[in-house]
Amino acid sequence: MSTFIANDASPIARPAIVSGIVSGVACAFGCIAPLHAAHAEIKWAGSLAVTSDYIQQGLSQTQGEPALQGGLRAQIDERWTVGAWASAIDRYHGQGASTEIDLYAARAWRLSPDWVTSVTATHYFYPDDSPYVSYDYDEVAASVGFRSMLFATVAWSPNYGDVSYEGYADDRSALSYELSANQPLFAGWSGNVGVGYRDLSDLFDEQYWYGHAGLMHATDRFTIHLTYTYVDRTARELFGHERAAITWLGTVIWRFGPLH
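Read in order, the letters of the sequence shown correspond to residues 1 to 260 in the numbering used here.
Hints in this document: simulated from the structure, not taken from any laboratory.
Even glycine gets a Cβ: it sits at the ideal position worked out from N, Cα and C.
One or more of the hints may lead you astray.
[Said to hold, decoys possible] Estimated spans, in silico, between C-beta atoms of each pair:
1. W248 <-> L179: 15 to 23 angstroms
2. D205 <-> V252: 32 to 40 angstroms
3. L111 <-> W189: 23 to 31 angstroms
4. T219 <-> D171: 41 to 49 angstroms
5. T99 <-> D171: 39 to 47 angstroms
6. G167 <-> D77: 45 to 53 angstroms
7. D220 <-> P131: 39 to 47 angstroms
8. T234 <-> P184: 22 to 30 angstroms
9. E166 <-> I76: 12 to 20 angstroms
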């Protein structure tokens, strides 16, 4: 999971761009901002979304095709968040899984009026995966946010697997580092930019850069994203231009549950 575009029902407001993210910087929007209360009230919320391309850490999970997404989360005593998030996927042209399900738990801390941090543990589950090759994996992400405008995230997986032009690797460690910024503009509009670095040395002895820039418009129940995404030449050569594409994408999110 990663960051950048956040489906608010996702793990820590799961990204449609990077993840997971999610874990990831988007956590600062979805699960760590409201820390003012200390009671044990459980608040349920969720969302449904459609995106023109599900991109995670610079790589398309749908080969450039649209995807339906959605999730449900419970926020406990304003600090703990647990939930599930799901998306349609098609990473290998009909080969392998068609559904991704993420189960996650997050803990947030307010360090000061301006600074918030969180840790998120996520299990990525592909229920209709091949019986011979499993892509299920786990991830732990730590994120810090400043005034809901600047975010930094480090995510680590101990058992990640993937296929590239260099072959198949599984049960390997993977790391990602992300920085992003969100700037309110006017009338519900905001701009956002982000950059990430992914270390797949244990899988393919490669690393690559990815990023995005975009606009977002938010109302009480709906959010619209228009985003330009970038991934470097190393990723394009490693995964091909359909999975590692420089492209535009749009996402519409409908949220349900309490407004505050």
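Hint numbers not upheld by this structure, sorted from lowest to highest
5, 8, 9
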